[in-house]
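Participant: Residue numbers (the working numbering), protein chains in the order written: chain A, 155 to 378; chain B, 6 to 242; chain C, 7 to 232.
Think of the hints as simulated: they come from the structure by calculation, not from any bench.
Idealized CB from N, CA, C, for every residue including glycine.
Quick look at which bits of chain B chain A covers, simulated, 3 or more residues with Cβ under 8 angstroms:
#1 65-75
#2 95-105
#3 108-122
Partial list, computed: chain A residues near chain B (C-beta under 7 angstroms):
#4 A161
#5 L169
#6 R172
#7 G232
#8 G236
#9 L238
#10 L239
#11 A240
#12 P241
#13 V242
#14 D378
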Amino acid sequence: MRSTVAALLSKELTLEWRTRESVPAMVLFSIATYVVFHFGLDRDRVTGDLASGVLWVTLLFAAILGVNRLFVAEYEQGGFDGFLLAPVDRTALLVAKALTLFLFLCIVEVVAVPAFALLLLGPPLTQALPELVLVLLLANAGIAVLGTLVAGLAIQTRARDLIVPLIALPLLVPVLLAAARCATPLLQDGGAGALPADWLAILAIYDLLFALIAYAVFDFLLED
Amino acid sequence: MRGSSVFAVPDPVPALALRGAGRRYGERAALRDLTLELEAGRTLVVFGPNGAGKTTLLRMLATLLRPHAGEVSVLGHQLPDEGYAVRGRVGFLGHEALLYRELSGRENLRFHARLHRVGVQRVDEVLDAVGMTARCGDPVAELSRGMVQRLAIARAVLHEPDLLLLDEPLANLDPAAAAQVAPLIGAGSGRTRVVTSHDPAGGLRGADLALGLKGGRVALLAPAAEVDPGQIAELYR
Amino acid sequence: MLTIAFALVFFYAPNDADQGFIFKIFYVHVPMAIVALFGFVAGAVFAALHLRSQDSKWDMRSYVTIHISVILAVGVLVTGSIWARASWGHWWIWDEPMLVSFLIVFLLYATYWPLRFSIEDKEKQSRYASVFAIVAGAFVPLNFAAVRMAESFTHPQTATTTTSAPPSVTLTFLVALAGMTLLFITLCKYEMASKHATFRLRALRRRLAGDEDELALNGRSAAPQL
Numbered sequence: 155m156r157s158t159v160a161a162l163l164s165k166e167l168t169l170e171w172r173t174r175e176s177v178p179a180m181v182l183f184s185i186a187t188y189v190v191f192h193f194g195l196d197r198d199r200v201t202g203d204l205a206s207g208v209l210w211v212t213l214l215f216a217a218i219l220g221v222n223r224l225f226v227a228e229y230e231q232g233g234f235d236g237f238l239l240a241p242v243d244r245t246a247l248l249v250a251k252a253l254t255l256f257l258f259l260c261i262v263e264v265v266a267v268p269a270f271a272l273l274l275l276g277p278p279l280t281q282a283l284p285e286l287v288l289v290l291l292l293a294n295a296g297i298a299v300l301g302t303l304v305a306g307l308a309i310q311t312r313a314r315d316l317i318v319p320l321i322a323l324p325l326l327v328p329v330l331l332a333a334a335r336c337a338t339p340l341l342q343d344g345g346a347g348a349l350p351a352d353w354l355a356i357l358a359i360y361d362l363l364f365a366l367i368a369y370a371v372f373d374f375l376l377e378d
Numbered sequence: 006m007r008g009s010s011v012f013a014v015p016d017p018v019p020a021l022a023l024r025g026a027g028r029r030y031g032e033r034a035a036l037r038d039l040t041l042e043l044e045a046g047r048t049l050v051v052f053g054p055n056g057a058g059k060t061t062l063l064r065m066l067a068t069l070l071r072p073h074a075g076e077v078s079v080l081g082h083q084l085p086d087e088g089y090a091v092r093g094r095v096g097f098l099g100h101e102a103l104l105y106r107e108l109s110g111r112e113n114l115r116f117h118a119r120l121h122r123v124g125v126q127r128v129d130e131v132l133d134a135v136g137m138t139a140r141c142g143d144p145v146a147e148l149s150r151g152m153v154q155r156l157a158i159a160r161a162v163l164h165e166p167d168l169l170l171l172d173e174p175l176a177n178l179d180p181a182a183a184a185q186v187a188p189l190i191g192a193g194s195g196r197t198r199v200v201t202s203h204d205p206a207g208g209l210r211g212a213d214l215a216l217g218l219k220g221g222r223v224a225l226l227a228p229a230a231e232v233d234p235g236q237i238a239e240l241y242r
Numbered sequence: 007m008l009t010i011a012f013a014l015v016f017f018y019a020p021n022d023a024d025q026g027f028i029f030k031i032f033y034v035h036v037p038m039a040i041v042a043l044f045g046f047v048a049g050a051v052f053a054a055l056h057l058r059s060q061d062s063k064w065d066m067r068s069y070v071t072i073h074i075s076v077i078l079a080v081g082v083l084v085t086g087s088i089w090a091r092a093s094w095g096h097w098w099i100w101d102e103p104m105l106v107s108f109l110i111v112f113l114l115y116a117t118y119w120p121l122r123f124s125i126e127d128k129e130k131q132s133r134y135a136s137v138f139a140i141v142a143g144a145f146v147p148l149n150f151a152a153v154r155m156a157e158s159f160t161h162p163q164t165a166t167t168t169t170s171a172p173p174s175v176t177l178t179f180l181v182a183l184a185g186m187t188l189l190f191i192t193l194c195k196y197e198m199a200s201k202h203a204t205f206r207l208r209a210l211r212r213r214l215a216g217d218e219d220e221l222a223l224n225g226r227s228a229a230p231q232l
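Next comes chain A alone, as it looks inside the complex:
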């Protein structure tokens, strides 16, 4: 199982490195969204709950782009068949894809979050950086699990590009809610507030529950 995941993951990263299909698009989309928010809100700097909301909405929509592309290479170039012919645990594909999406999101955030601080954020990002990183990681895990599940659900449909956001956005509302609530005190003007532990716990529980659900149902998306 572990070696299969490693094989899939290294294939995934090599492919992304060659094609540069998902991550650059997600980064550019994030930055473009900040610009749109700047004009849409008519603000030069945002703080507190507004900053948290802008950041999470942007990251969420950027993630949807990645989710849309997640299984396209498998679907179009026979990757599913190639994988299904091998004597390996099929859950490995779920794990590898979720890890891929998780890594993509982390890479995107390495650029997009500092860009947010530079372009829109009022208080300095450094005032609560470790806490913010923790929230980002937990939210990424949730987006990665649900995103993989939704991408797997939508890949066989004719209208994939429409189905993915329509399913993913409602499912990710609790993630957005919890992550935004967590980040609000971290992005306050005049010193960061404490991290709301209950919301952090909700985020973690939600991640865990959907990881279990995804584990239970993912095999059925591969069978024929």
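We have chain A already, so just place chains B and C on it with the hints.
Facilitator: Using the frame of chain A, we list chains B and C on its own:
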């Protein structure tokens, strides 16, 4: 109707045993009521016009499609329940190469080698056997169709499968390349083979059992030696 | 029997409601919401059974349950909105967790049909729809919990309507709930029967058309297809 192979010596565990096997897509039957047995080491050649069910049969035997009716046993394992034991012992060569276009031939094969837990030196071995050592570093997208087919053959035999499922294996190959891959996937490879073909004479050569499909039904099932190429041409009418 | 209970709710319950006219909508709104919720969860359970048994009968049940639940969810949104207008003067209240949750759940389930229709292979369609139903069914209570928490943090004094209610209200509410449950089951049964009839009709038409091959096939897969 019960199929038989040419040779009288019965193997206790046939490589393939199908009894009333069928598969549908929605309400349309792609393959129905197929009964045959194939002993280990023998070759079954499958003829039939497009849409006759050849690819469905191969995909079913490869565990990629579950049978909807009848019993299907591959290498002594009942499908679909024991599919796990069959995977990894089957070499599948379909219409699609199952290779990532942006990865090189070697990268693709290394990926499959890791999935099948095969050593890296085997990758170089099969690359050499299909004559692709020189171009194995190029992305698959930049290769000609014949070269992609050679890589696909290398992929199918990478893990030394016991059963080869070959969907028109020589498509896009020139005669020299066809001769080159013959030891891997030809009758001399010593493996049990299921081969689809549109070429009556060429397909029957090296085959033990011939199956003709038409509209998902069995139109012909006989030892290859007893089949006249004219009978096969009849299928396409 | 079902029809009698159904009629009872609609004639008995309003008679009992003496807390002002608009409060009557409570007897429709809340039971509807509860039944729809359980409907979504039941849809997920049926979907899980379908995946386990590969029997399309369960897929049909899952489909019909979700179908009716979504209709009820629309009813919840409409009645909730009317209620909100009457008691707070706005058509939409973000503080009301029930309404907000139902909006999110409705948005999610609205994709059920596009998902089904855009997968061509029937077997794959029902399997993917089942996976969707399970994920969405698990999402419904989680989403409720999350949204309710969000609202109770910002507004600790969210109106809780059922505390210390007079017995007449409780009784009517229970009867309304039972009635709504029966209505739901009746609708599901009706929908299922009509789907069956449609399918039979199609099979018969095909028989009349004289396609014996397809007939043989239908005999084997008489269970409903969508």
